[in-house]
Amino acid sequence: MIWDLHCHFSGFGGRTPEEGMAEVIRLGDRMGIERFCIYLGFGREENPSPAQMRTHNDEVLRALDHWRHRAWAFVYLNPNYLDESLREFDRCVKDGPMVGVKLWVAQKASGRALDPIIERAAAMQAVIFQHTWWKTGGNLSGESTPLDVVELAKRHPKTPIICGHTGGNWELGIRAVRGQTNLSVDLAGSDPTNGFVEMAVRELGAERIIWGSDAGGRSLGSQLAKVQGSTVPEAAKKLMLGENLKRMMMPILTAKGFRV
Amino acid sequence: MIDTNVYVSRWPFRRLPGDETAVLVQKLRAAGVVEAWAGSFDAVLHRDMGAVNLRVTEECRKNGNGLLKPVGCVNPMLPDWREDLRRCQERYGMKAIRLHPNYHGYRLEDAVTRELLSAAAERGLFVQIAAQMEDERTQHSLLRVAPVPLQMLPELTKTIQRLRVQVLNHPRPVSWERVYWDFCAVEGVRGLTELLKGSVADSLCFGSYYPFFLWESAALKMKEAGAEGAVLEKLRAGTARVLMGGTGR
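Top to bottom, those sequences are chains A and B. Throughout the first sequence, residue numbering follows our numbering, covering 1 to 260 in sequence. Throughout the second sequence, residue numbering follows our numbering, covering 1001 to 1249 in sequence.
None of these hints come from the bench; they were simulated from the model. Bear in mind the structure is a predicted one, so any value in this text is a computation, not a measurement. Even for Gly, the Cβ is constructed at its ideal location relative to N, Cα and C. Among the clues, some could well be false.
[To be verified] In silico lysine to any residue, SDA-like type, Cα no more than 20 Å apart, as pairs: (1) K94/A - P116/A; (2) K1197/B - G14/A; (3) K1223/B - M1/A; (4) K246/A - P97/A; (5) K135/A - E1136/B; (6) K246/A - G14/A.
[As the list claims (entries may be wrong)] Some chain A residues near chain B, calculated using beta-carbon distances under 7 Å: (7) N194; (8) L220; (9) G221; (10) A225.
[Unchecked claim] Ranges of calculated distance between the beta carbons of each label pair, as one might list FRET restraints: (11) G1226/B - V260/A: 25 to 31 Å; (12) S1141/B - K158/A: 34 to 40 Å; (13) T181/A - V1023/B: 31 to 37 Å.
Only chain A is shown next, with the shape it has when bound in the complex (with noise of 0.2 Å):
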């Protein structure tokens, strides 16, 4: 069982939204993958405004659409717009088909701005993805590394939070979420570097990992070569891949009576 935590479907191709999602899941089949985490439309706003956080997420809800069965939706969020970001939420996961929430650059996960937002998602047991990356030649503005969303999840120590790229600079990822238990990495978007898997098992257990792609900004197989050629134990293979992420999602998508 294989599930992609991060997936846009804009790389795909596709002039529309339907377009694309019927890629994803034409290569999601040809690579083995069952279920897709889909967020972002076809812009790449750092920081939306409301109209245009209701686009890329109309986009997605377009998407979703027929692939109900394949796929599953996080609602995009700014939280520089913090009341039109709560109502979003509303319209996309609490009365949508939308299960998770999507924060990316346009501020650090560090500021108390997103309380709110973690507040509400985890009152529905949504899934909370933050990207992060922790370049060497320096973030956006708004960027956040693992260390500001260990500082959230501080804030929030009940609530799992996902720390998206694992900061890409996975060895100071890593090192730096260690000890934040409500924190689980993602894999995706970052070189298919060789020992990546290995020190995430070492250092924080395979059940806090969870396999995405970053596709179509990434390729699926150099992604999953991440997994499928390390050498960790199947076991670790399989919570990563998919049993993670399961169970992650299981209490929303129950509740909002999804069938898996």
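Following the hints, complete the assembly by docking chain B onto the known chain A.
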């Protein structure tokens, strides 16, 4: 299958699963690789290149029963680099050299690059150029190295007779005369698929960049692209044989 891009010895910044040569050989054999062109991570930063080339030759001789073909390195910024080139061919019987211009501090535009490439071509050696070893965003903060700019390469292959070049670890291969590529750094879900639609397809070789990258990455990209039949055979070995034999484009 021929893997045109593997390394022996140690990456300077971390131990890698597979950086023991016996383990590397075991991995390649299990994957169906019958020949692998092996450079040395030592070549990236070491200055005693004579010792580096001797060790890579010995490692390839001791491990794998001929599976590993040693690829030496020449750094034209070192004194008497021509002697390293001579030894690669005459003493070690190498068919290729692998260059690291960005770690060694020269550009393809420099006169010494033309001298080196010309000397390699005269000896019938083909030249691998490693365009980048690691994503700039994840490099050690005290050793940041930008990718090799390749704009000059078409001019060099056009004007240096018999020069054959393979670019390694580059994300965007293009169709240039007598220039070959691997696709280990090609990304995006449609990355290899799009390349296979164009004329550059004839210059793509399988190269895993193992053990820095997972070996499975390049292999799964071929599956993702739906490569099969003659196209797959060229990727797996056919184009590499042309490159090694010097009978190609």
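Take a quick look at whether K246/A and G14/A sit within 20 Å of each other, Cα to Cα.
violated, 29 Å
Need the status of pair K1197/B, G14/A: alpha-carbon distance at most 20 Å?
Given pair K1197/B, G14/A holds - Cα atoms ~17 Å apart, limit 20 Å.
Quick one, is the N194/A hint okay against chain B at 7 Å, beta carbons?
Given a least distance of 5 Å, the restraint on N194/A holds.
Straight-line alpha-carbon gap K135/A to E1136/B, limit 20 Å
Holds, at about 8 Å.
Is it true that the C-beta distance of G1226/B to V260/A lies inside 25 to 31 Å, as the hint says?
29 Å Cβ-Cβ, so the 25 to 31 Å window holds.
Verdict for S1141/B, K158/A (Cβ pair) under range 34 to 40 Å
At roughly 35 Å between Cβ atoms, K158/A and S1141/B fall inside 34 to 40 Å, so the hint holds.
K1223/B paired with M1/A [C-alpha distance capped at 20 Å]
Given pair K1223/B, M1/A holds - Cα atoms ~18 Å apart, limit 20 Å.
Let me know if the C-beta of L220/A comes in closer than 7 Å to any C-beta of chain B, holds or violated.
Holds, about 6 Å.
Just to be careful: measuring from the Cβ of A225/A to every Cβ in chain B, is the smallest value less than 7 Å?
holds, 4 Å
For the range 31 to 37 Å, tell me whether the beta carbons of T181/A and V1023/B fit it or not.
holds, 33 Å
Take a quick look at whether K94/A and P116/A sit within 20 Å of each other, Cα to Cα.
holds, 15 Å
Are K246/A and P97/A close enough, with their CA atoms no more than 20 Å apart?
Given pair K246/A, P97/A holds - Cα atoms ~17 Å apart, limit 20 Å.
Checked against the numbered hints above, the structure violates only hint 6.
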